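Listed here are the chains, written in short residue letters.
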Amino acid sequence: MTALSSTELPALDQDEILRYSRHLILPEVGLQGQRRLKGASVLLVGAGGLGSPLALYLAAAGVGRIGLVDFDRVDLTNLQRQVLHGTSQVGRSKLASARERIADLNPHVQVETYETRLTSANALEILRDYDVIIDGTDNFPTRYLVNDACVLLGKPNVYGSIFRFDGQASVLATPDGPCYRCLFREPPPPGLVPSCAEGGVLGVLPGLIGTIQATEAIKLITGAGTPLVGRLLLVDALEMRFRTVQLRKDPECPACGTREITELVDYEQFCGLEVEPATSNGVAQLTPLELAARLGRADDFDLIDVREPHEWEIGRIPGARLVPLGSLAEVLPQLDPAREVVVYCKSGNRSTRAALQLRAAGFERVWNLAGGILRWSEEVDPTVPRY
Amino acid sequence: MPVTISLPSVLAKLADGSKVITVEGATVGEVVAQVAERYPGLAPRLRDGDGKPYPFVTFYLNDQDIRLTGGFDTTVRDGDEVTVVPAIAGG
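In order, the protein sequence lines correspond to chains X and R.
The working numbering applies: residue 1 is where the first sequence begins, and numbers increase by one.
The working numbering applies: residue 388 is where the second sequence begins, and numbers increase by one.
Honestly, the hints are just simulated from the structure, not real lab data.
The model shown is predicted, which means the values in this text are computed figures rather than measured ones.
Don't be surprised by glycine CBs; every beta carbon is placed ideally from N, CA and C.
Watch out, some of these pointers could steer you wrong.
Said to hold, decoys possible - Derived list of chain X stretches under chain R, where covered just means 3 residues or more per stretch with a C-beta under 8 Å from a C-beta of chain R:
#: 1; stretch: 42 to 52
#: 2; stretch: 137 to 143
#: 3; stretch: 148 to 162
#: 4; stretch: 174 to 188
#: 5; stretch: 235 to 248
Unchecked claim - Anything over 10 Å on all C-beta distances counts as not near chain X; from chain R, calculated:
#: 6; residue: T391
#: 7; residue: A423
#: 8; residue: E424
#: 9; residue: K439
#: 10; residue: G458
#: 11; residue: D467
Can you make the complete structure from the sequences, with help from the hints?
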């Protein structure tokens with residue numbers, strides 16, 4: 001981070017001195033720290049679950065310039081955790097919603113918005129203008145992109161990630177510290193790890209992790225305390241257990257160690273997305289309308305729902321049999337490989353894995369319902385609730 | 388040698404809900420293999436088909452990354468704790 005000398009730091013006006021008085025009386029922040037915050041710029045990649053508390057607390061803390069990267073619109077299913085947005089904003093762009101909320105919270109903050117997906121083509125250019133980068137994205141490809149861009153540009157990457165009840169946080173890519181690839185060299189292959197849309201997430205968890213990221217960003221800017229460099233914080237919200245494990249800079253790391261990675265790569269977009277890609281993996285796809293037609297004709301096939309029982313209770317396709325993905329192996333002997341099988345899940349990710357598992361077990365006619373029950377709800381039966 | 392292995396909730400689901408499992412083994416690899424044998428549904432989330440670690444699941448022995456101490460060959464002692472940290476991407 002470029003530290004500004006005290007003569008270059010912006011001054012605070014009277015209104016700001018009053019607004020930040022609880023910071024100014026903390027010796028660890030003080031007038032100097034508050035001026036550093038005002039002189040700092042922070043980029044939030046993602047204005048969702050993690051981005052919400054981040055944007056709110058960093059704006060409230062008086063970070064002078066906040067950039068936001070997102071391309072989504074506010075959806076009703078976001079509001080269980082994305083406290084930056086309100087019910088009146090459903091359907092609007094997240095960035096427009098964020099801009100208004102931040103302006104109301106702290107008009108001294110300059111907000112820059114980038115309504116785009118971060119890609120290898122634009123990442124360096126967008127990140128270049130900021131002192132601190134915060135990873136609040138919801139998918140692996142963007143996380144690797146943010147990390148590699150931070151390493152290439154020499155910017156700190158304030159990392160946070162969540163799933164169900166688990167959270168992780170760290171400060172990565174500082175000059176002497178480890179980067180995300182020192183922790184996880186490569187992303188998991190498509191389909192091995194479910195997305196939050198499929199796996200669920202406790203609504204307050206991004207609040208917990210996002211505020212930890214905001215705390216770390218403020219510490220980096222003000223120089224207060226000991227940043228979470230070289231340590232990975234693991235949070236288990238169910239047991240309310242916080243622990244840290246040691247992260248070491250890996251000399252073999254292709255990003256920050258050997259520096260083999262000299263340009264950005266786009267991994268296949270495979271998770272964290274609302275709609276899964278129409279298949280990959282060679283699994284035959286059936287659209288909801290095709291499935292409805294086949295059910296209407298009473299074609300002879302097995303329809304298998306590979307979701308969890310609590311999802312089955314929310315809604316299901318008539319005629320389906322519930323076999324959660326985790327118990328598919330156990331149930332396999334009861335199924336007839338000679339029969340045709342259609343599998344579905346929430347959005348098509350888990351059922352793709354189920355289809356591959358069935359094929360490996362000798363089932364030859366296996367179809368995956370494209371887009372899962374969400375698309376079924378949209379295109380065939382709107383009485384099945386979206387979730 | 389009894390060693391405990393701690394799983395995050397995302398993986399505990401595949402181990403009948405157990406977050407802490409006690410197993411016997413002389414190395415981290417043996418400990419992981421024991422857990423994989425006990426919970427076949429969890430096995431492919433811990434290591435690959437050849438029993439090798441994935442680049443997206445990290446193991447810590449008493450808070451130290453095992454990749455720096457010999458990987459799955461790292462020896463374990465009575466009462467050691469192995470923590471499994473899989474990559475998660477939600478935000």
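What hints, given by number in increasing order, does this structure fail?
none
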